[in-house]
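Colleague: Single-letter residue listing:
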Amino acid sequence: MFADGVSNSAVIEALARSLSLSLVVALVSGATGCLAAWLVTRSDVGGSRALAGLFSMPYAIPAYLLGMAWIVLGNPAVGAIRELFPEGGIYGFHGMVLVESTVAFAFPYLELKAGFERMDPSLEEAARTSGAGPWRVFRDVSFPLLWPPLVNGMCLSFLYTLSSFGVPAMLGMPVRQFVLTTLIYSQFKLGGMAGIWSGLRLSLLLLVMAMLVLALSNRLVGLQRRRGGAITGSRVSRPGLVRLSGARVPVTAAAWAVFALVVALPWGALAFSALAPVAGSYSPSEWTLRNLEYVLNLPEFREALVNSLALSLPVATFVVGSGFVLAFAAVRRGSRLAARLVESMGVPFSTPGTVIAILLIFAATWVSAALGRVGLSLDSPLVWIALAYAVKYCAVSARMLTAAYRQVHPSLEEAAVVSGATTFILLRTIWLPLLSRTVLAAWFLTALPMFTELTMSVLLTGPGGATLGTVLFQLQEYADQPSAAALAWILLSAALVGAFFMRGRRAEEILEGR
Amino acid sequence: MREPLSKAMPPDVEVMWFQSGSENIASKVNAELAAGASRADLVLTSDPFWYYELKDQGCLLPYKSEAARDIPDIYVDPDGAYAGVRLPVMVIGYNPRYFTDNSGPPRSWKDLADPRFKRLISMPNPLESGSSFTAVALLQSRFGWDYFERLRANDIIAAGGNSSVITRMETRERPVGIVLLENVLKAWDKGSPVRPVYPSDGTIPVLSPIAILRDTRNPELAKKAYDWFFSDEAQRAIVRGSMYSLIESAPSPEHSLPYTELKKSMMPWSAGILAQMFAERAVIKSKFSETVLR
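In order, the protein sequence lines correspond to chains A and B.
Per my numbering, the first sequence starts with residue 630, numbered consecutively.
Per my numbering, the second sequence starts with residue 5, numbered consecutively.
Read the hints as simulated data drawn from the structure, not as lab findings.
Don't take each hint at face value.
Output of the computed footprint for chain B on chain A, the stretches with three or more beta carbons under 8 Å from beta carbons of chain B [said to hold, decoys possible]:
no.: 1; segment: 703-710
no.: 2; segment: 899-908
no.: 3; segment: 980-991
no.: 4; segment: 1028-1041
Note that beta-carbon positions come from the ideal geometry of N, C-alpha and C, so glycine has one too.
Modelling step: build the complete structure from the supplied sequences, incorporating the hints.
Modeller: Next comes the structure, spelled out in structure tokens:
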């Protein structure tokens, strides 16, 4: 019924696995993201400034490379921490939950971190002064205000997992655990147009699931909106931090241990793999810089670095910029059109990259044929890659910014409008500074996956269109795992350096025009 | 190969080159063809079935090149739609560091079904890799689906491409693999412990043809490039890339079994076999999915 060559029970099994995986990942990310955001913004946990930046790092690693790193760690034969896993090692549902959560965790975490920072801490302080404990303050004051970004973050985690392909392919397929995206991929690979149609039909099923989740989250957030927002400001005094007192040392240790688990461990695994002469030979006496040298001297690497920067930076800026204006129109001007646009962005976000790429190849061929008739040509594959990135990732910033606008009470804006401010001045002098942290977080969450995108780039690329993702694919397929690990390690290290600079206030000051 | 090809072409011609996996190239070109026209002039991949399908749909430009005269007839399309330009072969690979006791590695395809190799074997997913599909098609016609049921009982992993099989062997996660010889030889060259076994019941040939697309905007230049791939220079580059040349006089890749030896134990290949496997392609793929992937 659903697809050729696959029994209905196999489709239903994959559907059930997709939904349960996405749900578990959303719950795990929501809980840990909430806790982590509270720790770094509201408690005196040791090294909170450093942790704040570092916690969002797993998101900077393309999920399939994270999968690669975890396979090195949890390899049932030689993995360094294989004893922590069941007999089959990292493969299976538990492995998919672990690796997907380390990435998807970033959505609720960054949303809530921005939310806490935007929220006037005097509300919490008032509660605390009246004798409420940290849990009570969170439950009765912070949580009711942070409900929209939390739901939205978990919703993004859910959709991200639902449409993700790399991790289920690496950790699920070897042990015959299919999810919808890997089943769609298999259908595409059955060959011929019949397989493509069958795959597209399954994508529709995926899309229906995504729409249901989107509708549900919109309802939840809508309910919250009727209860009204809270007055917040960006120049509020530094919040009085909750003293963890006796628990400070163990909590700090636990926070850093989590960081070590989700970032340092994969980083180290990739470094070990990059230094190994061949996969599986991890003894320090055999270490070699050959793989790193090979990658750095690869002509395609430089071409790809330039292309990926030229793609991700402007496309992310454009996407976040238009999301900022669109969310303003949807929330503050009550534009139904803008609201519908923001909602519909959830569709490409929850569509597997393979499907988007196939549809864009159709579009590209039609457009170049039409252009050819009027004597024009559109030869660069980069144009189509840029479009694919914009379409796939526009939902993140638009949804984050919509939630952020909703969280802020409109009194400031109303004051400005009374004083005669135009829309442009409103956006520039009130909303941009107020939402600067969310804008930054959204830009970060948009640009990073573009920088290392693989699934769509591999299909859309052509002569002159190498990106870091396609070079990684080349290395993985035609060179060897250590060379691919070397490039992965370089990218991850670069992302870590980037996060270090993001950590300070400088970027915000630039956005606020100071 | 990019540079020597550019040099062999007229000086004002720029060769645009796009390299990726067989399946990615097929997906891209198929989608372009379905929407009207492909931008490619020539295609060269290791998925013979794709060429068969393209020819079937009338997408290839027939060209009986004089340059391909030394290629054995069984590897050339009688209508000149495509011709084999190199010969990858599927063999058994293994990691000798795993087999340190008396139990040696498998010697034949039959051995892989022995319970002795339970949880030791991986192979590329035939839905993703054309070379792996050829192996499945030839093995099932020789041993029947019963053979794959026994591989399934041995908990074989069928996932990813040939390079993931190499990685699984190197890390000893799965020390035995059904894999392309060229991947084993390249790994050997880089110091990997992985070694090939030429199965006694026959190595598996995977024809890797070249063809010109019918709608090419430069048919004459495309033919010139087509011819170049059969030149000594191009064939030497193919051998350096660890694949066999189909021209008998050409050398064999380093570390490999000489072509004359290999030929003696190779599973038979013919246009008829290709046609039959193509006709049964969908059945073979879904049967494999049911037997091994579920």
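Colleague: Could you run down the list of hints and mark each one as holding or not?
Modeller: Hint check results:
For the segment 703-710 of chain A, the stated coverage by chain B holds: 4 residues have a C-beta nearer than 8 Å to a C-beta of that chain, and at least 3 were required. Here's how the segment 899-908 of chain A fares: 3 of its residues keep a CB closer than 8 Å to some CB of chain B, so the rule of at least three is met and the hint holds. With 3 residues carrying a beta carbon less than 8 Å from a beta carbon of chain B, the segment 980-991 of chain A meets the three-residue requirement, and the given coverage holds. Only residues whose beta carbon comes within less than 8 Å of a beta carbon in chain B count, and the segment 1028-1041 of chain A has 0; fewer than three means the coverage is violated.
In terms of the numbered hints stated before, the structure departs from hint 4 and from no other.
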